[in-house]
Amino acid sequence: MISIKDVKKIFSTKNGKVNAVDNVNLEINEGEIFGVIGYSGAGKSTLIRMLNGLEIPTEGVVSVAGNEVSRIKGASLRKARQEISMIFQHFNLLWSRTVRENIAFPLEIAGVPKKERLERVNELIKLVGLDGREDAYPSQLSGGQKQRVGIARALANNPKVLLCDEATSALDPQTTDSILDLLVDINERLGLTIVLITHEMHVIRKICHRVAVMEGGRIVEIGEVLDVFQKPKEPITKRFVQQVTEPEETKETITHLLNAYPNGQIVQLGFVGGSAEQPLITNLIRHYNVTVNVLQGKISQTQSGSYGTLFIHIDGESDEVTRAIEYIHSQKVGVEVISHA
Amino acid sequence: MLNEWLPNVDWERMWEATKETLYMTSISVVATFILGIILGLLLFLTSKGNIWQNQFVNKIIAAFVNVFRSIPFLILIVLLIPFTKMILGTMIGENAALPALIIGAAPFYARMVEIGLREIDKGVIEASKSMGAKTSTIIWKVLIPESMPALVSGITVTAIALVGYTAMAGVIGAGGLGNLAYLEGFQRSRYDVVWIATIIILIIVFIIQMIGDLITSKLDKR
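As given, the protein sequences belong to chains Z and P, one line each in that order. Reminder that position 280 of the first sequence reads as 280 in the UniProt record's numbering, one-by-one numbering, no gaps. Reminder that position 67 of the second sequence reads as 67 in the UniProt record's numbering, one-by-one numbering, no gaps.
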């Protein structure tokens with residue numbers, strides 16, 4: 001659906017040239033939700049803007065849904081853009097138009113007759129759950145509602161690809177989740193390919209099938225979301241993964257726990273996929289003569305399975321504790337014994 | 001009773017002059033609105049980072065606008081005498097004032113249009129591009145509607161300035177309340193005429209401001 005080959009983007013600034021995107025190669029499949037994560041300045045925004053020709057690559061080829069976006073211009077680019085929609089961090093709605101008129105705008109651009117336009121707009125309003133707000137102006141809507149208008153507007157011309165430029169970064173966590181649910185729903189119902197960029201691992205975790213991590217204009221790591229969560233290779237990826245798996249205060253808590261439980265072992269368990277759903281702790285205390293204390297844990301769902309970490313304290317005869325830990329190892333669960341520093 | 005207080009005021013002439021002033025003002029406001037929007041759009045679109053980015057064209061328009069904006073109106077009328085004679089064949093009457101009024105006000109308004117357009121969120125223009133909009137669609141359906149409150153409040157200010165300009169033009173023979181106040185009032189020391197003409201001009205200004213404010217607040221959905 002989307003192929004990016006040897007793409008470079010160099011910006012000339014007063015302080016010399018900046019390689020915003022540096023030799024990126026990427027294939028995104030049809031129907032996939034693909035996430036690009038990186039800190040600001042990593043080049044992810046430039047990358048996504050090359051997918052609909054808002055930026056033209058300095059070198060390389062970008063093709064989306066059969067259109068060579070990096071080459072075409074004028075009318076054929078405008079036509080292609082109707083198949084490659086975009087939603088934005090700050091929604092970018094026309095404040096002078098009502099919800100209905102905003103959603104109708106891309107249909108006006110595509111030259112859809114008025115009657116069909118009205119029908120399509122009503123359909124879209126239902127799809128994104130804005131019933132009853134049709135005649136409101138953007139200034140009367142909440143952030144989440146504005147983004148729903150943005151999504152409806154983006155879907156108006158039945159695009160093949162939806163680009164999300166930090167689409168949830170201006171929203172509160174609860175609204176973010178409802179928008180993400182809507183995106184998954186659209187992806188499943190319409191088979192739409194979604195490319196999103198974000199700096200929040202939560203967004204990747206919640207809806208993406210695959211993820212690419214960008215740093216300094218390059219893709220440093222790419223893979224299935226669950227794999228990346230399980231075995232992050234690059235330090236930057238590890239930092240992103242920690243955003244969701246480890247609550248901020250984990251380090252402090254562990255130091256505190258180590259002092260509070262001088263006997264026994266504190267073990268960090270990492271669950272991935274199916275293993276996250278086994279009754280591991282139950283088996284542990286049934287089969288071994290140990291006491292198990294759950295200290296802290298978090299399990300998160302991704303699109304292709306669950307992923308989590310759990311901190312437990314195992315106490316008992318030291319032989320028995322060792323055997324219990326070996327048992328956990330045999331269960332394909334990541335184990336890390338945290339020793340007294 | 002009015003005649004006792006205002007012995008020299010000929011109400012019929014006053015009304016004629018008022019109509020002349022309204023005529024000059026309204027024609028020049030309409031022309032300034034159109035011309036100013038065109039100039040303002042060109043200034044905006046050719047500026048750096050915009051759709052028709054073109055340093056050269058931008059500099060030329062900016063120079064034109066700045067020159068005509070800086071010439072004092074009274075001098076502008078005099079400078080434009082040959083031009084006015086060429087296109088209208090006369091220097092007298094309310095039509096003769098129009099070229100100077102429009103050429104004096106349009107550049108002034110163009111700058112306000114440009115400021116209004118600059119205030120539109122760049123993201124909105126980008127979103128329209130991402131939907132496959134043509135430049136003409138962006139101009140008609142995004143730039144003009146989104147800046148409309150600024151365009152209206154700008155033309156209100158310009159219209160008020162134009163009322164003042166018509167009075168000045170009147171002094172050199174263009175008719176209207178300024179002409180009446182100067183020739184019939186000031187030069188013959190009939191100050192009641194000057195006063196009444198002034199009061200009528202004030203009323204016109206207040207009405208323009210009121211209408212402008214009303215439309216602006218109606219249009220502004222932000």
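Hints may be right or wrong, so weigh each one.
[Unchecked claim] Simulated restraints, written as ranges between beta carbons of each label pair:
#1 Arg-69/P - Thr-58/Z: 38 to 44 Å
#2 Lys-8/Z - Gln-55/P: 22 to 28 Å
#3 Lys-218/P - Lys-298/Z: 50 to 56 Å
#4 Glu-59/Z - Asn-66/P: 55 to 61 Å
#5 Pro-113/Z - Glu-12/P: 54 to 60 Å
#6 Pro-173/Z - Ser-26/P: 52 to 58 Å
No lab work stands behind these hints: they were computed from the structure. Note that the Cβ used here is the ideal one computed from N, Cα and C, for glycine as well.
* To do: Could you tell me which of the numbered hints above are not met by this structure, giving the numbers in increasing order?
  => 4
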